[in-house]
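J.: Chain by chain, the residues:
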Amino acid sequence: MSNGSSTQKQGNSPAIEVVGLAKRYGDFEAVRGLDFEVKPGEVVGFLGPNGAGKTTTMRMLTGFIPATDGEARIAGHDIFSDATNARRAIGYLPETPPLYPEMTPTSYVDFVARLKGVPRRSRKEAVERALGRCGLLDVRGREIRQLSKGYRQRVGLAQAIVHEPKVLVLDEPTVGLDPIQIREIRLLIQDLAATGGQTVLLSTHILAEVDAICQRVILLDRGRKVLDQSLTELTGGGVSLEEVFTRVMTRDEATEPGAEGEAA
Amino acid sequence: MTHTLTIASRELRSLFVSPVAYVVLTLWSVIAGTFFLASLIGFQERLIQLQQYQMFQQIELMNLNDELIEPFIGSMWVILLFLLPAVTMGLVSSEKANGTDELLLTSPISIWDIVLGKFLAGAGFVTVMTAIVAFFPAILFVYGEPELGKTISGVLCLLFVSITYVAVGIFASSVTRSQLIAFVFTLVLLVMLGMMLPFIIDISMAGSGLGRESGIAQTVRWMSTGSHVDRMLKGLVDTADLAYFVISSAVFLLLSKTVIESARWR
Ligand SMILES: Nc1ncnc2c1ncn2[C@@H]1O[C@H](COP(=O)(O)OP(=O)(O)OP(=O)(O)O)[C@@H](O)[C@H]1O
Ligand SMILES: [Mg+2]
Chain A
1 MSNGSSTQKQ GNSPAIEVVG LAKRYGDFEA VRGLDFEVKP GEVVGFLGPN
51 GAGKTTTMRM LTGFIPATDG EARIAGHDIF SDATNARRAI GYLPETPPLY
101 PEMTPTSYVD FVARLKGVPR RSRKEAVERA LGRCGLLDVR GREIRQLSKG
151 YRQRVGLAQA IVHEPKVLVL DEPTVGLDPI QIREIRLLIQ DLAATGGQTV
201 LLSTHILAEV DAICQRVILL DRGRKVLDQS LTELTGGGVS LEEVFTRVMT
251 RDEATEPGAE GEAA
Chain B
1 MTHTLTIASR ELRSLFVSPV AYVVLTLWSV IAGTFFLASL IGFQERLIQL
51 QQYQMFQQIE LMNLNDELIE PFIGSMWVIL LFLLPAVTMG LVSSEKANGT
101 DELLLTSPIS IWDIVLGKFL AGAGFVTVMT AIVAFFPAIL FVYGEPELGK
151 TISGVLCLLF VSITYVAVGI FASSVTRSQL IAFVFTLVLL VMLGMMLPFI
201 IDISMAGSGL GRESGIAQTV RWMSTGSHVD RMLKGLVDTA DLAYFVISSA
251 VFLLLSKTVI ESARWR
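Going line by line, the protein sequences match chains A and B.
Here this note's numbering is used: position 218 in the first sequence is 218, and no number is missing along the way.
Here this note's numbering is used: position 217 in the second sequence is 217, and no number is missing along the way.
Hints in this document: simulated from the structure, not taken from any laboratory.
Take these hints with a grain of salt, some might be off.
[To be verified] Short derived list, chain A residues pointing at chain B, Cβ under 7 Å:
#1 Ile65
#2 Thr68
#3 Arg87
#4 Thr96
#5 Pro98
#6 Glu102
Since this is a predicted model, take the numbers as computed values, not measurements.
The beta-carbon is built from N, C-alpha and C at its ideal position, and this holds for glycine as well.
Let the hints inform the model, and build the full structure from the sequences given.
T.: Here it is, written out as structure tokens:
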């Protein structure tokens, strides 16, 4: 990839650009010195054991919590100095879908569309499209509190895509879904990337999911990046993802004791 | 501005479908009706008494505003101190409990949009509450001749006080994710602000040897809602009293904004 000026908004600038990002909670370093890039249209799997710092990283990227150190740009917009534009470019499904139980999917997604600044003229259409893509047309008039967990998850996803953001940040989007719904959501994500050209960063614990939809994998462990490779490279030699991860994680554990400083 | 309205209209719709709102509005209406009826009966009895003793001069002096409307609205203000916390307790705390704060704070809107949207919604709700109260004095205009100016001043007083208390409630609601804690905190703040401040200052001034009219004493007394309410209920609308409502609302909204903002930094 050519090394163009990364502060430019258009052109070849990465969809997500993270440099030295860190988050400390008191004395505890949840994320340390994280660097990575995601190209436009790429689907990247964000992996790591519980407590690795995936959610924390996503919360920093989306502007929910401020980073302790480092910088990040979304579609060329700095998340600190150009926060509004960075936020406009992001669709975010948090770990717990941020739903108002007393609303209907239609009124809720419409509310989010307004928040994200979807123009009045195209709003109704945008809401319809998001509901349709997430398979919510049948339940659109029901109260969200009456919906099953899987459907609530879909409402969360509809909310994330309603303003057609350039970058989708999805924190465990398929958790709690049945196998058929998981398949549908995967197809939806693939479709978003393929036809909409949207960039997707998704966290998951399901390796098969990564296999199915991701082009690249970023593996976190205890707040540090321990692996960043394309899927074809990783599994090229006929090795399964599971084997690769087990190897990386155990190797990491072996080197960890004593190594307090940041990894290069 | 549009985002403020977006937040406000969503909040208002949610408020009006919440069971809490129905309980509050029902209680409020029932209490208002009862108080009004009681004051009306009291007014009549006094009139009959005075007639029995042939005290016509006193009868001349009796008027609906001073003897009925003013005490009625005054007592509704006291009820407000205890009911309003239930209206505002969830305004911010429930966003945190629901995880919807993560949606709001990652959207391209400002924290002022959130705070002012909540404030507008709360103000809308207490406008309905005030309208319910205003309905009763309005009946009197059919049968008697209360002073219009004084009556309006009384109703406006209740509205301004309620709106100011909404700002207090938003602040209390923004420091916690628990609606119960928000309720109790709001109640404490309102009772302090509404009634306790003058007593506290009198007691502590007596102890400190400073005069009751010292600068601090006067400032603290100014901070109390009570004196402003008393004056406005009597129909004495003063810019100083209006300024009180504006300033205290602004202070509590600013505090709420600061709390919401700093909660992310922890
Ligand atoms: N508000 C907080 N205060 C203190 N520590 C926190 C806070 N939030 C997260 N942490 C800690 O930061 C670390 C990273 O948490 P994070 O939620 O990012 O992990 P994760 O990779 O998303 O894990 P999971 O797979 O379980 O979702 C954890 O050890 C967690 O305990
Ligand atoms: Mg997580």
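J.: Against each hint, give a clear statement of whether it holds in the structure.
T.: Each hint tested on the structure:
| no. | hint | in the structure |
| --- | --- | --- |
| 1 | Ile65 | holds (5 Å) |
| 2 | Thr68 | violated (10 Å) |
| 3 | Arg87 | holds (4 Å) |
| 4 | Thr96 | holds (4 Å) |
| 5 | Pro98 | holds (4 Å) |
| 6 | Glu102 | holds (5 Å) |
The structure does not agree with numbered hint 2 stated previously, though it agrees with all others.
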